[in-house]
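Novice: What follows is the residue order along each chain.
Number of protein chains: 2
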Amino acid sequence: MRVFSTETHTTKEILQRKMSETIDVSATVSTILEQVNTQGDSALYQLTKDIDQVELSALRVSTEEIEAGMSSISEDLLRVIQQAKENILAFHKKQVREGFVSTDSKGLVMGQRILPLAAVGVYVPGGTAAYPSTVLMDVLPAKIAGVEKIVMVTPPSQAGTIPAAILAAAKIAGVDEIYKIGGAQAIAALAYGTETIPRVDKIVGPGNIYVATAKRMVYGQVDIDMIAGPSDVLIVADEQANPQWVAADLLAQAEHDVLAQAILVTTSQRIVTEVQTALSEQLEELPRQAIAQESIETNGKIILVRDLAEALELANRIAPEHLELAVEKPFDLLGKVKNAGSVFLGNYTPEALGDYFAGPNHTLPTEGTARFYSPLSVDDFVKKSSYLYYSKAALSEVTEDVALFAQSEGLDGHARSMTIRMEDPQNDFS
Amino acid sequence: MRVFSTETHTTKEILQRKMSETIDVSATVSTILEQVNTQGDSALYQLTKDIDQVELSALRVSTEEIEAGMSSISEDLLRVIQQAKENILAFHKKQVREGFVSTDSKGLVMGQRILPLAAVGVYVPGGTAAYPSTVLMDVLPAKIAGVEKIVMVTPPSQAGTIPAAILAAAKIAGVDEIYKIGGAQAIAALAYGTETIPRVDKIVGPGNIYVATAKRMVYGQVDIDMIAGPSDVLIVADEQANPQWVAADLLAQAEHDVLAQAILVTTSQRIVTEVQTALSEQLEELPRQAIAQESIETNGKIILVRDLAEALELANRIAPEHLELAVEKPFDLLGKVKNAGSVFLGNYTPEALGDYFAGPNHTLPTEGTARFYSPLSVDDFVKKSSYLYYSKAALSEVTEDVALFAQSEGLDGHARSMTIRMEDPQNDFS
Chain D
3 MRVFSTETHT
13 TKEILQRKMS
23 ETIDVSATVS
33 TILEQVNTQG
43 DSALYQLTKD
53 IDQVELSALR
63 VSTEEIEAGM
73 SSISEDLLRV
83 IQQAKENILA
93 FHKKQVREGF
103 VSTDSKGLVM
113 GQRILPLAAV
123 GVYVPGGTAA
133 YPSTVLMDVL
143 PAKIAGVEKI
153 VMVTPPSQAG
163 TIPAAILAAA
173 KIAGVDEIYK
183 IGGAQAIAAL
193 AYGTETIPRV
203 DKIVGPGNIY
213 VATAKRMVYG
223 QVDIDMIAGP
233 SDVLIVADEQ
243 ANPQWVAADL
253 LAQAEHDVLA
263 QAILVTTSQR
273 IVTEVQTALS
283 EQLEELPRQA
293 IAQESIETNG
303 KIILVRDLAE
313 ALELANRIAP
323 EHLELAVEKP
333 FDLLGKVKNA
343 GSVFLGNYTP
353 EALGDYFAGP
363 NHTLPTEGTA
373 RFYSPLSVDD
383 FVKKSSYLYY
393 SKAALSEVTE
403 DVALFAQSEG
413 LDGHARSMTI
423 RMEDPQNDFS
Chain W
3 MRVFSTETHT
13 TKEILQRKMS
23 ETIDVSATVS
33 TILEQVNTQG
43 DSALYQLTKD
53 IDQVELSALR
63 VSTEEIEAGM
73 SSISEDLLRV
83 IQQAKENILA
93 FHKKQVREGF
103 VSTDSKGLVM
113 GQRILPLAAV
123 GVYVPGGTAA
133 YPSTVLMDVL
143 PAKIAGVEKI
153 VMVTPPSQAG
163 TIPAAILAAA
173 KIAGVDEIYK
183 IGGAQAIAAL
193 AYGTETIPRV
203 DKIVGPGNIY
213 VATAKRMVYG
223 QVDIDMIAGP
233 SDVLIVADEQ
243 ANPQWVAADL
253 LAQAEHDVLA
263 QAILVTTSQR
273 IVTEVQTALS
283 EQLEELPRQA
293 IAQESIETNG
303 KIILVRDLAE
313 ALELANRIAP
323 EHLELAVEKP
333 FDLLGKVKNA
343 GSVFLGNYTP
353 EALGDYFAGP
363 NHTLPTEGTA
373 RFYSPLSVDD
383 FVKKSSYLYY
393 SKAALSEVTE
403 DVALFAQSEG
413 LDGHARSMTI
423 RMEDPQNDFS
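Taken in order, these protein sequences are the chains called D and W. FYI, in our numbering the residues of the first sequence are 3 to 432. FYI, in our numbering the residues of the second sequence are 3 to 432.
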């Protein structure tokens with residue numbers, strides 16, 4: 003792990019980050035999108051055969067397959083998934099908002115309504131990155147928002163199957179339809195609709211470069227969530243932090259992916275040293291050692307700072323996806339956090355608690371985008387619509403003013419649409 | 003204006019829409035973005051010379067220029083702009099939301115904070131499409147959100163100037179910095195920052211195809227609002243509607259742009275006939291006749307329906323930017339509206355009232371995207387950040403469950419970050 007110090011390194015040196023390589027797959031993805039758009043289901047079967055080497059007999063996952071998935075999961079795990087669901091629902095229900103209205107005595111009514119999206123697509127990656135926890139995190143806020151149709155897509159294994167835990171999580175979360183289709187072709191199906199797969203209003207969920215590129219390309223014809231990059235954590239630790247726990251949390255991040263980034267910012271030289279030792283020790287015992295080690299060596303950083311104010315300044319510059327405050331008085335620092343997807347306060351709040359269980363969403367802005375993006379929430383599954391009503395009396399008071407404004411912009415037709423309503427005494431519709 | 007009837011046309015025929023032509027300017031835009039990213043200000047001067055044929059002496063609009071702009075506007079217009087500002091502020095203040103927190107007796111605290119974006123860029127197009135009303139609509143929600151730095155960019159005229167009304171609106175709305183730069187180069191400057199122009203967190207505002215393409219390309223490195231397409235209105239009119247007023251409102255939409263779309267959906271054959279006559283008459287007197295006429299002829303539609311239920315079904319399918327309900331009991335229909343940016347209720351609420359003055363935002367989802375997008379609002383200028391705290395007692399109760407969930411996903415490092423905290427009796431940090 004590279005070690006920096008604000009005494010001896012510039013902020014620029016400290017912040018420098020290897021950007022994740024993005025190969026340009028837009029030509030391939032563009033062809034796939036077009037193919038699905040024009041040929042529908044038949045393109046989906048063909049692409050799944052060509053790309054995933056699977057000959058599907060049906061796109062949709064059957065009720066039997068889902069039931070079989072459910073019953074192959076241990077009761078203990080089902081109970082935990084169920085409890086996680088309850089916690090996630092409880093947290094996200096607090097995000098629900100009401101519309102508003104304002105009225106006045108002149109006969110003026112205006113307001114804003116909040117309406118659920120009609121249909122949402124959830125992409126779930128295949129292989130080892132198929133996480134039932136992500137199914138819960140992506141689906142449950144949509145359920146709370148009142149989305150009527152939630153469609154899940156996920157690539158099949160070479161045997162044409164979907165992991166049991168994914169099916170179980172989908173069933174528990176309340177997914178309405180599941181399809182065995184992945185990659186850019188799945189995004190195309192959700193964006194355009196096919197004979198079998200319904201067109202949706204928004205597509206959420208992480209995926210590989212083909213999925214991300216496809217999402218970016220269909221953005222505007224359909225809404226998308228953020229484009230997820232490699233995951234990251236920044237841990238701020240003071241003298242009282244436990245180096246073993248800090249190391250464990252850094253490794254939990256690093257085991258995701260060689261591109262994942264684990265950063266420690268500490269005021270304590272002792273922590274710098276002891277965390278490095280703990281990392282070496284714990285790495286030995288980690289099943290995903292190879293991945294974690296490469297992530298730590300390539301992207302990991304330990305930054306020694308003068309004080310916690312400096313630590314927070316750095317954290318705000320980096321805008322981490324996850325920010326752990328392993329300090330004596332974590333709540334003292336919360337108000338200083340400007341840019342972070344999710345904040346974990348104190349020694350007993352490891353990120354994993356939030357990844358799986360506590361309630362806040364784990365779909366969070368990565369690669370410094372916490373500067374402007376937010377955790378996935380109920381807000382992502384609703385839209386707003388404003389409304390306006392003026393009585394004749396209310397309109398007559400402002401007609402000239404609005405007409406003047408419109409004329410100043412050279413839009414006489416706009417002005418005329420105001421004044422014409424005051425001209426015609428035979429037509430009194432008040 | 004083409005006339006359809008649900009008696010004799012299929013929904014598909016009725017809904018068919020000429021999609022707006024999108025020329026592919028991505029290669030040009032890509033080059034411009036790269037140029038500004040690497041060469042900063044000097045690229046901005048060069049590109050403005052090459053593209054806008056203006057040799058600027060400074061990028062930033064001076065205080066003197068802004069004052070001169072203010073004093074060249076009539077007092078009457080200033081008063082109206084000021085009143086519009088008050089109305090817009092009053093409406094948008096109702097969108098402000100608070101964070102939340104939940105606690106429990108085991109020592110568990112979690113919540114969500116709402117934080118303003120630090121810096122926002124507002125693009126204002128040049129030429130005849132430079133609308134002071136849009137400055138108000140794009141800037142004021144950001145002010146309410148608490149954005150500290152609002153930067154406006156707009157292309158200079160060949161004399162190197164910015165329209166007085168734009169400068170006045172910017173001053174009244176509270177823009178912090180104004181720069182004479184337009185096109186893709188302006189978007190690049192806001193996305194990457196230059197020596198003079200600060201990098202922002204989000205770029206809003208309409209623009210031509212170069213601007214829209216640049217926004218799409220920088221999306222992710224910076225947030226953007228929706229990509230605005232041609233404006234549209236859908237008017238639902240029953241027997242009691244005033245054909246002259248309906249025609250005036252259709253023309254107000256049509257005068258924007260030949261690509262603008264004005265649609266009338268009515269239950270009354272009389273309205274169909276009389277609106278057509280009124281359109282012809284009113285077109286004669288319209289200064290922007292040529293534009294409006296082409297828009298009406300190419301994109302305009304009159305659709306005769308059996309009843310209001312059918313009218314609303316069509317409206318929801320079309321998902322208009324503006325929906326006028328020129329019917330006897332407009333509030334009866336409001337709850338049936340699923341997809342519309344902004345709804346104008348009754349005979350005395352022309353769209354122009356909302357475009358300029360009443361309070362709701364006029365930056366609205368176009369081209370059917372009201373299915374999933376919302377009017378610009380205070381929400382667009384804040385981000386959310388969640389936080390989580392568990393006491394030792396609270397953590398100990400769930401450690402095994404969370405570890406089990408993590409292990410089921412093959413993430414032992416995550417599981418270990420939970421269990422390690424229960425292992426070490428010497429380190430009691432509770």
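Treat the hints as calculated values from the structure; they're not laboratory data. Accuracy of the hints is not assured; some may be wrong.
Copies of one chain are not kept apart here, so a pair can be met inside one copy or by any two copies together.
[Said to hold, decoys possible] Under the rule of at most 30 Å between Cα atoms (straight-line distance), these lysine-lysine pairs were calculated in the BS3-like manner:
no., residue 1, residue 2
1, Lys108, Lys51
2, Lys96, Lys51
3, Lys145, Lys51
4, Lys108, Lys96
5, Lys145, Lys95
6, Lys340, Lys151
7, Lys87, Lys394
8, Lys87, Lys173
9, Lys173, Lys14
10, Lys394, Lys51
11, Lys394, Lys145
12, Lys340, Lys173
13, Lys96, Lys340
14, Lys331, Lys173
15, Lys340, Lys108
16, Lys14, Lys87
17, Lys394, Lys96
18, Lys108, Lys87
19, Lys108, Lys151
20, Lys338, Lys96
21, Lys108, Lys145
22, Lys108, Lys331
23, Lys95, Lys340
24, Lys394, Lys151
25, Lys338, Lys51
26, Lys145, Lys96
27, Lys338, Lys151
28, Lys394, Lys14
29, Lys340, Lys87
30, Lys95, Lys338
Novice: Take the hints in turn and mark each one as holding or not.
Specialist: Do the hints match the structure? See the list:
Neither within a single protomer nor between protomers do Lys108 and Lys51 lie at most 30 Å apart by alpha-carbon distance, with minima of 66 Å and 53 Å respectively. For the identical chains of this complex, Lys96 and Lys51 are neighbours neither inside a copy (44 Å) nor across copies (53 Å), given an alpha-carbon limit of 30 Å. In this homomeric assembly, Lys145 and Lys51 never come within 30 Å of each other (Cα to Cα): the closest approach is 33 Å inside a single copy and 53 Å across copies. For the identical chains of this complex, Lys108 and Lys96 are inter-copy neighbours only, at 20 Å across copies versus 35 Å inside a copy, given an alpha-carbon limit of 30 Å.
Proximity of Lys145 and Lys95 under a CA criterion of 30 Å is satisfied in both settings, with 10 Å inside one chain copy and 28 Å between copies. For the identical chains of this complex, Lys340 and Lys151 are inter-copy neighbours only, at 15 Å across copies versus 35 Å inside a copy, given an alpha-carbon limit of 30 Å. Proximity of Lys87 to Lys394 under the C-alpha cut-off of 30 Å is restricted to the inter-copy arrangement: shortest distance 22 Å between copies versus 51 Å within a copy. Taking the shortest Cα distances, Lys87 and Lys173 sit within 30 Å of each other inside one copy (11 Å), while across copies they are farther apart (49 Å).
For the homomeric pair Lys173 and Lys14, neither the shortest alpha-carbon distance inside one copy (47 Å) nor that between copies (35 Å) is at most 30 Å. In this assembly of identical chains, Lys394 and Lys51 lie within 30 Å of each other by CA distance neither inside one copy nor across copies; the values are 64 Å within and 51 Å between. Neither within a single protomer nor between protomers do Lys394 and Lys145 lie at most 30 Å apart by alpha-carbon distance, with minima of 42 Å and 32 Å respectively. Taking identical chains as interchangeable, the C-alpha atoms of Lys340 and Lys173 lie at most 30 Å apart only when they sit on different chains, with a minimum of 28 Å there against 37 Å within one chain.
Both within a single protomer and between protomers do Lys96 and Lys340 lie at most 30 Å apart by alpha-carbon distance, with minima of 22 Å and 24 Å respectively. Taking CA atoms no more than 30 Å apart as the test, Lys331 paired with Lys173 passes in neither setting, with 41 Å inside one copy and 43 Å between copies. Only between protomers do Lys340 and Lys108 lie at most 30 Å apart by alpha-carbon distance; the minimum there is 28 Å, versus 43 Å within a single protomer. For a Cα distance limit of 30 Å, the shortest separation of Lys14 from Lys87 qualifies neither inside one copy, at 42 Å, nor across copies, at 41 Å.
Proximity of Lys394 and Lys96 under a CA criterion of 30 Å is satisfied inter-copy only: 25 Å between copies versus 40 Å inside one chain copy. Proximity of Lys108 to Lys87 under the C-alpha cut-off of 30 Å is restricted to the inter-copy arrangement: shortest distance 19 Å between copies versus 48 Å within a copy. Taking CA atoms no more than 30 Å apart as the test, Lys108 paired with Lys151 passes in neither setting, with 42 Å inside one copy and 37 Å between copies. Taking the shortest Cα distances, Lys338 and Lys96 sit within 30 Å of each other both inside one copy (23 Å) and across copies (26 Å).
Taking the shortest Cα distances, Lys108 and Lys145 sit within 30 Å of each other only across copies (28 Å), while inside one copy they are farther apart (40 Å). Taking the shortest Cα distances, Lys108 and Lys331 sit within 30 Å of each other only across copies (18 Å), while inside one copy they are farther apart (54 Å). For the homomeric pair Lys95 and Lys340, the shortest alpha-carbon distances inside one copy (24 Å) and between copies (22 Å) are both at most 30 Å. Proximity of Lys394 and Lys151 under a CA criterion of 30 Å is satisfied in neither setting, with 41 Å inside one chain copy and 40 Å between copies.
Taking identical chains as interchangeable, the C-alpha atoms of Lys338 and Lys51 are never at most 30 Å apart, the minima being 52 Å within one chain and 44 Å between chains. Taking the shortest Cα distances, Lys145 and Lys96 sit within 30 Å of each other both inside one copy (13 Å) and across copies (26 Å). Proximity of Lys338 and Lys151 under a CA criterion of 30 Å is satisfied inter-copy only: 19 Å between copies versus 40 Å inside one chain copy. Proximity of Lys394 and Lys14 under a CA criterion of 30 Å is satisfied in neither setting, with 62 Å inside one chain copy and 38 Å between copies.
With identical chains, the CA atoms of Lys340 and Lys87 are at most 30 Å apart both within one copy (29 Å) and between copies (29 Å). Taking CA atoms no more than 30 Å apart as the test, Lys95 paired with Lys338 passes in both settings, with 26 Å inside one copy and 25 Å between copies.
When each numbered hint is compared with the structure, violations occur for hints 1, 2, 3, 9, 10, 11, 14, 16, 19, 24, 25, 28.
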